[in-house]
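J.: Fit chain B to the known structure of chain A by using the hints.
Chains as they are written, first to last, in numbering that gives the first Met the number 0: chain A, 0 to 492; chain B, 0 to 372.
In case anyone wonders, no lab produced these hints; they're calculated from the structure. The reader is advised that the hints may include incorrect statements.
Stated by the list, open to error - Here are the simulated distance ranges between beta carbons:
1) A/Arg366 / B/Leu182: 32 to 40 Å
2) B/Gly190 / A/Arg470: 49 to 57 Å
3) A/Pro14 / B/Leu233: 47 to 55 Å
4) A/Pro14 / B/Ala81: 30 to 38 Å
5) A/Glu357 / B/Leu216: 37 to 45 Å
6) B/Ser92 / A/Gly363: 37 to 45 Å
7) B/Ala144 / A/Gly363: 33 to 41 Å
8) B/Gly190 / A/Glu388: 48 to 56 Å
9) A/Thr308 / B/Thr317: 39 to 47 Å
What the hints assert, rightly or not - Footprint (simulated), chain A over chain B, 3 or more residues, beta carbon under 8 Å:
10) 244-251
11) 254-267
Beta carbons are placed, not taken as given, at the ideal position from N, Cα and C, and that holds for glycine.
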Amino acid sequence: MTALLEARGLTKDFPGIRALDEVDLTVRRGEVIALLGENGAGKSTLVKLLSGVHQPDAGELRLRGEPYTPQRPADAIDAGIGMVHQETNLLLGLSVAENIFLGRLPLARGMVDYPALRRAAHEQLTRVGLGDLDPDTPVGKLSVAVRQKAEIAKALSLDAALLILDEPTASLSQQDAEVLFTLIDELAAEGVAFVYISHRLEEVPRVGDSVVVLRDGRRVVMWDHGDVASEEIVRAMVGREVTRKYPEPPATVGAEVLRVEGLTRAGAFEDVSFTVHAGEIVGIAGLVGAGRTEVARVIAGADRADRGTFSLDGRRIRVRSPEQAIGHGIVLVPEDRKDQGLVLDLLVRDNVTLPSLEQETRAGVVRPAALSRLSALLAGEVDLRGRPEQSARTLSGGNQQKVVVAKWLPRGPRIVIFDEPTRGVDVGAKQAIYQIIHRLCAQGVGIIVISSELPEVLGIAHRVVVLAKGRRTGEVPRAEADEQTVMRLAVKG
Amino acid sequence: MTEEGPDPRNPSEEGSAVDEAHGGQGEVGARDATPGQDSPAEVDAKTADVDDTARGDRWLRRLTARLPSSGGPLIGLLLLVAVLSVLSPAFLSVNNLFNVLQQISVLATLAIGGTLVIISRGIDLSVGSVLALGGAVAGWTFAEAGLPMGVAIVAGIAVGAAAGGVNGLLITYGRLPPFIATLAMLSMARGAALVITEGQPISGYPDWFRLIATYDLFGVIPFSVLLVALLYVLAWLFLRYRPTGRALYAIGGNEEVARLSGINVRRAKLKVYTVSGALAALGGLLLTARLNSAQPNAGFTLELDVIAAVVIGGASLTGGSGTVTGTLVGALIIGVIRNGLNLLGVSSFWQSIVIGAVIAGAVMTDTLRNRED
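With the rest of the complex left out, here is chain A (with noise of 0.2 Å):
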């Protein structure tokens, strides 16, 4: 195999901090290279320097062994070298066919020649199995997976040698994930080379030919072959035995506090019931689409049933809207951190102390020195690493994910969802987070976490909750919950 691009002694530094020491990376034609690391490693900042967005300090990189100097995220794509980002950067309102073809749409006598941009884009999505999509398609009416393949195509149709994925299964499920990969495989045999960052190790041995892991700017290991186990890839990435990858949970589980019944949203879910006791933590597993996040917006006030009941402490409750919902004590993490969590341009002050707002209020006032004391205690409670006279943006994503988690502690919550709440964070936030999920738990609290990685629900819930299509199609204690079982639940009905 010959040389596609070749890394030597890559070299970044940004103001205080060495992103990158010395870095060497070599990628074959039709490779897939698993690039993986703590956030911070510095994994962003070598397929920066890849793509074009940064220029690095010290190093050179040669493609196809001549001098490769990308000024610019174009000189990359000119180069052959494509990005794929975590969140797609489609045009939601376009057509699948405009957004392939963006800023090169096929010319007839100035205008656009629709059949052709057609018949091109036809072309591309066959080539990433999407042959069967109308390329008229607006990408707002396709969901996460099929996003993420017309990016692809995407940057394909820009003739790219080499494809950086960044956590493309992030937001996928089990079974896309799974076409995701069949795909890569496709590519890479007609010679396509792939940079695939992942914080999903268990599928590591799956999709990659080599394993690249960066610790602290460094090339800490290379394993020239992708069948890694996972432990021997996180005893790499934090340089330290992490001993149980998830936690027991507390054995004692006390008396019922949440019941919903018969809940119903239309178009999103039908009929669904369960319980959570204090002191548990209840998993609700399901495929994308399964309407898990779903029923976790309504039983937090975010969306509203359409029909069903809700109990707390056998008390017939009503839940409208998230202000009714805290004031019950039932909140939410959600999925979406970024988006649903964290308002990003204030300060973590401001964001930890949002929900209490009113309770810190004192004769009419609120001050902002009661507001950075009770900041700097819940900072504390998490363990977060971060200042709150910071703005919440500039955090680490597991330290955001601390922060919206932080924000309902004083509010003295009775049942705490979590919706996917380790996505996107590195192993040792993770850590971080099941102890906080624990500690709650312990504390009596009701838990209920949503995760696309059925490892991690099985790892720490009491019992699982499944849903399929919409429908609750099954409950399994924790005992009996494996990942066979829980997934011929899943896929039924």
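T.: Positioned in the frame of chain A, the structure of chain B alone reads:
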């Protein structure tokens, strides 16, 4: 003085010369960056072009980064005052400065509401019309219905608050974009003011009412200026110390996050638009007192000056940021430019051009500074 007043109907009384002096950091920097971009780009390929743009940028950013985040507009104002003092000896007198304050008092009153609305990521285009409506209702209540002036004042402000409340309802429950809802109110309130006054000014008010605009404490400090100062203190306290005030920044920053955090977003928005309407009507009363006449055309296009003052003061139209102190400085900048250019004998046509340049320069400075992070 009465007739030229702040004349909200004519936003185009401005001038020129002070431009480069004041426009300050933004413009000076921009001018330096431009040649940097151009010349090497002609000489050589893309690389040179990129490097140099970056260098020009850095220069500009270093300059703007030195300013404290809220102090940018203030420094602009001080520069402006310094330059005008040199150019016109009449400018820096106590009387003239209070004159400026009095001239901006109506604009500044409305701009408080504008700040709250813009922080919440909204916009209120109706304030100029609601100003006229408030004045018209008060005038009609006193002159036509024959009720006491005190009742007329309450009626005027209540109608303004109601108009703002309707804006709020249209936006929250009617789910109209604020731009559309308040554009509709701009048209309706103006129409209502014309209907009530039958298109004619309503003149002749009790002396005590006129004193609101004409009485000078200790012979120099206009009462209306004190009133506006009090409003600013209240608004500052509201944004800093009231839960709703603090929540406004969260609502403007990300409404869904605020809602999921248990903030009653609808109630907060209703409040904000209602207050904006009430303040607009109060502005209408101030203007009526000064002119001794309620004019159905009063406040025409004043909403644009309000937005300008808020934006020059550092608020972002994308919501989540802004301060009343910044807005006050923004209103002062507009007032000082108009006053100074008048003193220098610059035509109102030119003043309009200068104010436009200041808006662009101020926001550009702000954007460049924010790019730092």
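J.: Does each hint fit the structure? Answer for all of them.
T.: Consistency of the hints with the structure:
Between A/Arg366 and B/Leu182 the C-beta distance comes to about 39 Å, which sits within the given range of 32 to 40 Å. Under the hint 49 to 57 Å, the C-beta atoms of B/Gly190 and A/Arg470, about 55 Å apart, fit the expected range. The hinted window of 47 to 55 Å between A/Pro14 and B/Leu233 is violated, with their beta carbons roughly 42 Å apart. Restraint check, A/Pro14 to B/Ala81: a C-beta distance of roughly 35 Å satisfies the suggested window 30 to 38 Å.
Taken as a hint, the range 37 to 45 Å holds for the pair A/Glu357 and B/Leu216, whose Cβ atoms sit roughly 39 Å apart. Here the CB-CB span from B/Ser92 to A/Gly363 is close to 42 Å, well matched to the stated 37 to 45 Å. Hint check: B/Ala144 to A/Gly363, Cβ distance near 37 Å, so the stated range 33 to 41 Å holds. For B/Gly190 and A/Glu388, the hinted distance range of 48 to 56 Å is satisfied, since their beta carbons lie about 49 Å from each other.
Here the CB-CB span from A/Thr308 to B/Thr317 is close to 41 Å, well matched to the stated 39 to 47 Å. Coverage of a stretch by a chain is defined here by at least three residues with a beta carbon nearer than 8 Å to that chain's beta carbons; for the stretch 244-251 of chain B and chain A the count is 4, and the condition holds. Residues of the stretch 254-267 of chain B lying with their CB closer than 8 Å to a CB of chain A number 9, which satisfies the three-residue condition for coverage.
Going through the hint list in order, the structure does not satisfy hint 3, though it satisfies all others.
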